[in-house]
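K.L.:
Chains as they are written, first to last, in the working numbering: chain A, 1 to 283; chain B, 1 to 283; chain C, 1 to 283; chain D, 1 to 283.
Possibly wrong hints are sitting among the right ones.
[As the list claims (entries may be wrong)] What the simulated footprint calls covered on chain D by chain A, stretch by stretch (three residues with Cβ under 8 Å from a Cβ of chain A suffice, anywhere in the stretch; the number is not a length):
| id | segment |
| --- | --- |
| 1 | 72-84 |
| 2 | 248-258 |
[Said to hold, decoys possible] With a straight-line cut-off of 27 Å between C-alpha atoms, the simulated DSSO-like cross-links for lysine-lysine are:
| id | chain 1 | residue 1 | chain 2 | residue 2 |
| --- | --- | --- | --- | --- |
| 3 | D | K107 | A | K107 |
| 4 | D | K107 | A | K96 |
| 5 | D | K202 | A | K107 |
| 6 | A | K70 | B | K58 |
| 7 | C | K107 | C | K96 |
| 8 | B | K52 | A | K52 |
| 9 | C | K107 | B | K202 |
| 10 | C | K210 | A | K181 |
| 11 | D | K58 | C | K74 |
To be clear, the hints were calculated from the coordinates, so they are not data collected in a lab. Every residue, glycine too, gets a C-beta built ideally from N, C-alpha and C.
Protein chains: 4
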Amino acid sequence: MNTNTYILTIQCADQNSIIAAVSGCISENGGNILNLAQHTAVDINMFFCRIKFEATDKFNLESFKKGFSKLEEKYNLTWHVFDMAVKKRVAILVSKTSHCLYELMLKYADGELDCEIPVIISNHPDLAHVATSFHIPFYQVDPAKGKAEYEADLEAILQQYKIDFVVLARYMQVMSGDFCKRWHNRCINIHHGFLPAFRGAKPYHQAWNKGVKIIGATGHFATEDLDQGPIIYQDVIRVNDTRSIDEFIRMGKDVERHVLYEAVRRYLAHSIFFYEGRTFVIE
Amino acid sequence: MNTNTYILTIQCADQNSIIAAVSGCISENGGNILNLAQHTAVDINMFFCRIKFEATDKFNLESFKKGFSKLEEKYNLTWHVFDMAVKKRVAILVSKTSHCLYELMLKYADGELDCEIPVIISNHPDLAHVATSFHIPFYQVDPAKGKAEYEADLEAILQQYKIDFVVLARYMQVMSGDFCKRWHNRCINIHHGFLPAFRGAKPYHQAWNKGVKIIGATGHFATEDLDQGPIIYQDVIRVNDTRSIDEFIRMGKDVERHVLYEAVRRYLAHSIFFYEGRTFVIE
Amino acid sequence: MNTNTYILTIQCADQNSIIAAVSGCISENGGNILNLAQHTAVDINMFFCRIKFEATDKFNLESFKKGFSKLEEKYNLTWHVFDMAVKKRVAILVSKTSHCLYELMLKYADGELDCEIPVIISNHPDLAHVATSFHIPFYQVDPAKGKAEYEADLEAILQQYKIDFVVLARYMQVMSGDFCKRWHNRCINIHHGFLPAFRGAKPYHQAWNKGVKIIGATGHFATEDLDQGPIIYQDVIRVNDTRSIDEFIRMGKDVERHVLYEAVRRYLAHSIFFYEGRTFVIE
Amino acid sequence: MNTNTYILTIQCADQNSIIAAVSGCISENGGNILNLAQHTAVDINMFFCRIKFEATDKFNLESFKKGFSKLEEKYNLTWHVFDMAVKKRVAILVSKTSHCLYELMLKYADGELDCEIPVIISNHPDLAHVATSFHIPFYQVDPAKGKAEYEADLEAILQQYKIDFVVLARYMQVMSGDFCKRWHNRCINIHHGFLPAFRGAKPYHQAWNKGVKIIGATGHFATEDLDQGPIIYQDVIRVNDTRSIDEFIRMGKDVERHVLYEAVRRYLAHSIFFYEGRTFVIE
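Only chain A is shown next, with the shape it has when bound in the complex:
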């Protein structure tokens, strides 16, 4: 007996009757829809759909895929189906500040991150004790070796642990274009500014000097263009003008860790669609 749950994601130009066709195909193949979220973006005439369904006894994944490929042809749609029993393997990269790492660890321990986290990697030794207290192997890599060699070390660890997805949890190294390409749309970074404003270094200093009244953080995919990758999640906090830069930094930590967690959660739930450099998060 098959009791698996699957996520099906679909993306195509908007057309008539797609939902009926797709839900019919799932039903005919022995799937039972638990949740369907759909959006037609009228500004670009695109259709996005995320369906969670459970497999009944009659369900067979290969038959389903074969059946579905006919819809692919008919509607010219891009689609993926994910078996929720297969957990993504996630590596967390950190430097010296612990708040983002702790947030991910605590959510993971609480069963709120649906993945495996087999390894934590850092360019500094400072957070080894955190990894150890959660019984996760900790590796230190050395950027002083030179970017190519150091990224090769990093890549070797990612390969060794069969990593699917990388989280930069306030990792203070700019990744090479090659790295970003290899991990295209599979590497999330947290930026401590409300992008697209305040890119690059010291965003809290930039924000304070500009006198903005609300600060934020942005979870986005890492791309070769620094801090310009597709945005997944953002949150903000009001700062009145009696706050110093140090207080911006302190208050911002709570926003950063929350945003990173929410971005990772959306990735693991297969809720993220891509179109022309931006995301559509359909939940």
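Once you've looked at the hints, dock chains B, C and D against the given chain A.
P.N.:
Okay, now just chains B, C and D, sitting in the frame of chain A:
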């Protein structure tokens, strides 16, 4: 040629394959789904679904209803279908404060309330000029006549204007049980407290005396039990402890008018489902 | 008997004992402090203070000013004292969209804007009826005349009405550098983007294309550098990815009108301090 | 040389010239005001003031107190002065859920809780490992012994560690009236509901059944009347109607831990004033 848009709402015990069956039925009858929002409430095992579809040339409403009644039988579902071309007729009842009335008027003038507002009724003369400046007939009713007679006057105006739906926009009269029954789930009130706390009179005074740090407002259906009807929308605002009761009242106005508008908008969009004394708003 | 209330604002390099000296001076001259808000910005070592005091029988404004000028010398401070009985005269400039104008009108009518609004000016005839319904003179100016001549017309109206302060309430004309200089720190604009991101035209389109998850509006002083003047107030609203550009525009209106009102209110309360291109709002 | 920082709190009926008198007294005794926050609550005619000052070489605490007692007499004011170099000793009481404990531990480790935390106490063994990983002694007490004996054990530990202040971090035992009296205004509890609504057990279930659209948490002082003590801090989160009770519980955790931290921080900063069963938090 038929270019109408329809909203279909469905509510039933959760069962397999409902979405496939429903979307199939729409498609077979010449409807094209524009938007489908669905929710299975696991705590009560109920399924709620709101579908917006456009009618193609082949669509015939009576045939659709006939076809759909088979699904009604099979799945034991409660359903309604609304022709979006038929606008609800809404009466607004006010007393002396203008902020909620103005909000509805401005949104109406801006095309953001999908209804007709043929009449404004008050128990005071104060806001006649507002109605007039928006060219809407204004009636004054007199509660001093005694509740029965005064509500009869009110009802006569509602009948005269073929009103479908009543909005109490800070209307300072408690409606009778009979009135609430007649307008069951068709009369929205705005309460200036974050219900279920601070029911009844002077909610801002109650909130201040309790020292709460956040105040709010609640849009809900009027029922015989004062301020206990199903909640549609709520919003809040942080109040620091340097605020006086008068400032609570002033700040609260912005929350009230926003909440009332959002509640009315959800009603007009047919997004509200009812189950055991509460609402499920599915958008 | 003198029952006036005054606002005193002070700005200087941070030094010991300023609060004691200032509050002593007020007390000795027959003033009674009702409210004192003070902030030392450690990042720039600056002291800002806003004091509201009432005048007792013994108070004499000229004596107070004479006494206070000694503190000015000793602490090298910049200060202003405002008699709250003297209302600022405010002109509102509008174009075609009514939401910001209506917000200011309604707050004004409700006694929540502590000023006089003797005139409304527009480059279009569309909103004349709004001005009229609030019994405020409406003037139309014509940019087609050429910038110099048109701004001269505008300036003549502002002079005629003895205007102290100008509010650009979605006024769709870029003001000249000369105008901005003449009205330096006395002209507030509302930008429909969360500055410093999305400067210039069509900020909602920019935001949608970038895929940001939160949009906002910014109330700021108009300067020659478009959308770069000192920020007074900002607010934001979460937008999920099912929102179209049109919905951004619709939802943004509520943020814009609220932000503009809050910015104007802070200006009228003398709560805004300036330092190196940014504001410090001390309440 | 004396470089200490002090917090002075003052509370009295509102009167003329208090700020001048108080700031003068500090200055004359060799104190330099770093920050002054003051509020006159017009609804009850009470004056609250919190002053942070640094001691210059000339400052002598005993002389200051003597000098200040004259103001106490003249203005009939209640006051306290706290040497910020003397850290409060805080005990954390926990049961089985870790999120609130972890939040306090992480903020403590990050230097953002200005206190000593010498002991963690629980009625269950589950969280011993968390205490140990932060190198803080962990004690288990046994309610099965009977309330009197078990609270005596608890009290003995609190005495042994010279505890000033107790934090109930989702501690699942109702404290006796005697305990609440002994720790009057020195024991903070976190309630997982937006008080005063949803007192007592299972507040998330209550909230879901009522269909509220926003849930919250409340940090308050423990009193004999369950969940009715003075409120210190509250925060809320919007929940749409597609959320289950389990999701309320999961989402609520983030609100609870944040609110508890903010409440404790305000207590340690001496920002909390009491008047007629509510707090005034003056920052």
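K.L.:
Kindly indicate which numbered hints from before are broken by the structure, ordering the numbers from low to high.
P.N.:
Of the numbered hints given earlier, the structure breaks just one, which is hint 1.
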